[in-house]
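A.B. asks: Listed below are the residues making up each chain.
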Amino acid sequence: MLELRSVGYRYPGYRRRAIDGISLTIGDGEIVGIVGPNEAGKSTTCLVAAGLAPGSIGGELTGEVLLDGVAIGAAHPHDLAGRVGIVFANPASQLSGITGTVFEEVALGAVNLGLPIETTLARTRAALRTAGIEDLAWRAPQRLSGGQTQLVAIASMLAMQPRHLVLDEPAAELDGHGRDLVGAALRSLAARGTALLIAEHDLDLLQAIGAHIVAIEGGRLVAGAVA
Amino acid sequence: MLPGAIAGQVARLVVRRAALVTLPLAIAVGLVSVFTRHGTTALFSLGPFEATLEGADFAARIALRLFVMAAALTLFGATTAPRAFIADLERRGVSPRLAFAIGAVLDTVPALVERGRQVVDAQRARGLDTEGRGLQRLTAIVPLAGPVVIGALHQVEARSLALEARAFGRPGARHLLWAPADTATERAIRWLLMVAVVALIGAAATGNLPHVP
Amino acid sequence: MIRCEDLAFTYPDGTRALDGLDLSIDAGERVAIVGRNGSGKSTLVRTWNGLLRPASGRVLIDGAAIDGQRVAALARIVGMTFQDPDRQLFSSTCRREVAFGARNVGLRGRELEAAVEAALAAVGLEDRVDANPYDLGGSRRRLLAVACVLAMGTPVVVLDEPTMGLDKAEMERVTGIVSRLAAEGRTVVAISHDLQFVAASFARVVRLDAGRVVGDGPVAIEVD
Chain E
1 MLELRSVGYR YPGYRRRAID GISLTIGDGE IVGIVGPNEA GKSTTCLVAA GLAPGSIGGE
61 LTGEVLLDGV AIGAAHPHDL AGRVGIVFAN PASQLSGITG TVFEEVALGA VNLGLPIETT
121 LARTRAALRT AGIEDLAWRA PQRLSGGQTQ LVAIASMLAM QPRHLVLDEP AAELDGHGRD
181 LVGAALRSLA ARGTALLIAE HDLDLLQAIG AHIVAIEGGR LVAGAVA
Chain C
1 MLPGAIAGQV ARLVVRRAAL VTLPLAIAVG LVSVFTRHGT TALFSLGPFE ATLEGADFAA
61 RIALRLFVMA AALTLFGATT APRAFIADLE RRGVSPRLAF AIGAVLDTVP ALVERGRQVV
121 DAQRARGLDT EGRGLQRLTA IVPLAGPVVI GALHQVEARS LALEARAFGR PGARHLLWAP
181 ADTATERAIR WLLMVAVVAL IGAAATGNLP HVP
Chain B
1 MIRCEDLAFT YPDGTRALDG LDLSIDAGER VAIVGRNGSG KSTLVRTWNG LLRPASGRVL
61 IDGAAIDGQR VAALARIVGM TFQDPDRQLF SSTCRREVAF GARNVGLRGR ELEAAVEAAL
121 AAVGLEDRVD ANPYDLGGSR RRLLAVACVL AMGTPVVVLD EPTMGLDKAE MERVTGIVSR
181 LAAEGRTVVA ISHDLQFVAA SFARVVRLDA GRVVGDGPVA IEVD
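Protein chains in written order, with our numbering: chain E, 1 to 227; chain C, 1 to 213; chain B, 1 to 224.
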């Protein structure tokens, strides 16, 4: 379960908070979609929910973010990697650039967690299966389409087996086919009990995967918020 | 180094790139030393400046050394896949962050070249004339260099966040899936090369190096 | 206005991006180009301003083959935005950024100022004229790129994924811009995955697949 309790966040160097009073609960296997105009706070909410703000980028957080009842607090992002993952809009910028095959790319996070080789291999295979890209395992990551790359990004998060996944406009840069691929993978994830928080413009995609939709504007949730 | 380059089938690439890098430096050094180095054998005069054989010799030797250095680095870059390099470093105990930083440098150049191409296209489409006369091409530098640098920096930020989320910064041991094979032959060649380098340094220090007349 | 005859183009790595493509677009038309990634959309439009020269076949603009013409000259006829707006931003203010293209096509003085202001107002950035482009969010930078091409006043305007990442209000702004351009008699071509945008703004949809035109007709039929 991913919970935001009255969360506010101010970026470093800025005077005003980008988001304020955000309260959201996403249970296991549930999908919550956040919609709203650009610069309303969707991306900020994602960064906060994944622990990257303030964990990686500094700034000031008010309120609490809880993963399975435990507050993130001052935990460093690499400690959170196995509990919550994040996927961004631009597929290419999520590739490490240092792997030669999709398999290695997906395994990277698990390796970073210091897992024994057998465990890493098993998790990587499972992640490829869930994301539906087993047939891409031996391809070069740089040579995939946008949709395929996005699935690799999702799979690389899955290899760390987080129970919560945050996605910031995952389909924004994809064509119709890519959107379908991502939608299918997300449905599969939720069916396995992962809590999903998705920021998106594409209402059709959110509805197609059965998301509970909340709206954000000017940094605050609009008209009813809790999942 | 030459056998290595030929063995790796990258000889032409290495020579061409190393030459490209060395050329501007060599020209600069050449111009200065040919005319200003103390020497007794005059070659020709250009106004108040006198070109000497000793100057030319010095310039040639500097150029050759620069070329060799550039070629060595280029050979390394051309024959080492970043992932193999990083994996090997990590296996030998280098911190993953440092290993990645080093590997990323190797990877940066092709990415920047590609980005540079995209930027040139975009600016040309906005009327920037890259097919015109010399001076025009000089003034075209800012609209070309600017987006490449800024864009690259911008992408670094996005990429870093994605990497953090994959526990890149986690301290502690990792069980790598794969590292490049280190055969006995490779180990032997490495030791031989190191011995040769030590011997060369020793010889140079004690003045025993053969001179090229 | 634009005619493509049997265009063929292969990238250095061997990808056959255009494979015998024929297309004709009249002045004042509004055309959307759709198709999967890799179908040749971006390659096609780049043959119109000379960024790419076809291996065979020819491109005629306003009846004349564009063979020997420089990109800088063709840019006065065919204005273009790219999928990644960040690849062109280099100025310290939005105003200067928009003025760059306009100045390149010959606008000066009062005329230049007026064009820049009008373009920024059209995309809703009139209150951020002196802001640094990178202080704007990603979607506003995409709108800024549209302003850049508007200020150039070209008879043909090509937009590559103009609504990617835009919210509803921003998308409607772009739709409005397309209408206004068409009303001024300009030819507008857009590459887009955004079905809503395509349906709202374009009467004609050309579908590409493997470097050829496989569909060309009214929007109701061509859109998925």
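These are computed hints drawn from the structure, not numbers from a lab.
Errors might be hidden in some of the hints.
Stated by the list, open to error - No more than 20 Å apart at the CA atoms, straight line, and that leaves these computed lysine to any residue pairs for SDA-like:
#	chain 1	residue 1	chain 2	residue 2
1	B	Lys168	E	Arg10
2	B	Lys168	B	Gly124
3	B	Lys168	E	Asp202
4	B	Lys168	B	Val198
5	B	Lys168	B	Gly138
6	B	Lys168	B	Arg108
7	B	Lys168	E	Glu217
8	B	Lys168	B	Asp67
9	B	Lys168	B	Glu184
10	B	Lys168	B	Val214
11	B	Lys168	E	Leu205
12	B	Lys168	B	Leu136
13	B	Lys168	E	Gln207
14	B	Lys168	E	Gly69
15	B	Lys168	B	Asn132
16	B	Lys168	E	Ala208
17	B	Lys168	E	Gly218
18	B	Lys168	B	Ser179
19	B	Lys168	E	Ala223
20	B	Lys168	E	Pro54
21	B	Lys168	E	Ala215
22	B	Lys168	E	Ile213
23	B	Lys168	E	Val222
24	B	Lys168	B	Asp216
25	B	Lys168	E	Ser145
Stated by the list, open to error - Some but not every residue of chain C turned toward chain E, in silico, with C-beta under 10 Å:
#	residue
26	Thr79
27	Ala111
28	Glu164
29	Arg166
30	His175
31	Trp178
32	Ala181
As the list claims (entries may be wrong) - From chain B, some residues computed to sit far from chain E (all C-beta separations above 10 Å):
#	residue
33	Leu23
34	Val105
35	Gly165
36	Leu166
37	Asp167
38	Ala182
39	Leu195
40	Arg204
Since we're looking at a predicted model, the values are computed, not measured.
Cβ coordinates follow ideal geometry from the N, Cα and C atoms, glycine included.
A.B. asks: Against each hint, give a clear statement of whether it holds in the structure.
C.D. replies: Now the hints, each set against the structure:
no. : hint                   : in the structure
1   : B/Lys168 with E/Arg10  : violated (26 Å)
2   : B/Lys168 with B/Gly124 : holds (14 Å)
3   : B/Lys168 with E/Asp202 : holds (10 Å)
4   : B/Lys168 with B/Val198 : holds (14 Å)
5   : B/Lys168 with B/Gly138 : holds (15 Å)
6   : B/Lys168 with B/Arg108 : violated (35 Å)
7   : B/Lys168 with E/Glu217 : holds (13 Å)
8   : B/Lys168 with B/Asp67  : violated (41 Å)
9   : B/Lys168 with B/Glu184 : violated (25 Å)
10  : B/Lys168 with B/Val214 : violated (30 Å)
11  : B/Lys168 with E/Leu205 : holds (15 Å)
12  : B/Lys168 with B/Leu136 : holds (18 Å)
13  : B/Lys168 with E/Gln207 : holds (17 Å)
14  : B/Lys168 with E/Gly69  : violated (36 Å)
15  : B/Lys168 with B/Asn132 : violated (24 Å)
16  : B/Lys168 with E/Ala208 : holds (19 Å)
17  : B/Lys168 with E/Gly218 : holds (15 Å)
18  : B/Lys168 with B/Ser179 : holds (17 Å)
19  : B/Lys168 with E/Ala223 : holds (19 Å)
20  : B/Lys168 with E/Pro54  : violated (30 Å)
21  : B/Lys168 with E/Ala215 : holds (13 Å)
22  : B/Lys168 with E/Ile213 : holds (16 Å)
23  : B/Lys168 with E/Val222 : holds (17 Å)
24  : B/Lys168 with B/Asp216 : violated (27 Å)
25  : B/Lys168 with E/Ser145 : violated (26 Å)
26  : Thr79                  : violated (15 Å)
27  : Ala111                 : holds (7 Å)
28  : Glu164                 : holds (4 Å)
29  : Arg166                 : holds (4 Å)
30  : His175                 : holds (5 Å)
31  : Trp178                 : holds (7 Å)
32  : Ala181                 : violated (15 Å)
33  : Leu23                  : holds (20 Å)
34  : Val105                 : holds (30 Å)
35  : Gly165                 : violated (5 Å)
36  : Leu166                 : violated (7 Å)
37  : Asp167                 : violated (4 Å)
38  : Ala182                 : holds (25 Å)
39  : Leu195                 : violated (7 Å)
40  : Arg204                 : holds (19 Å)
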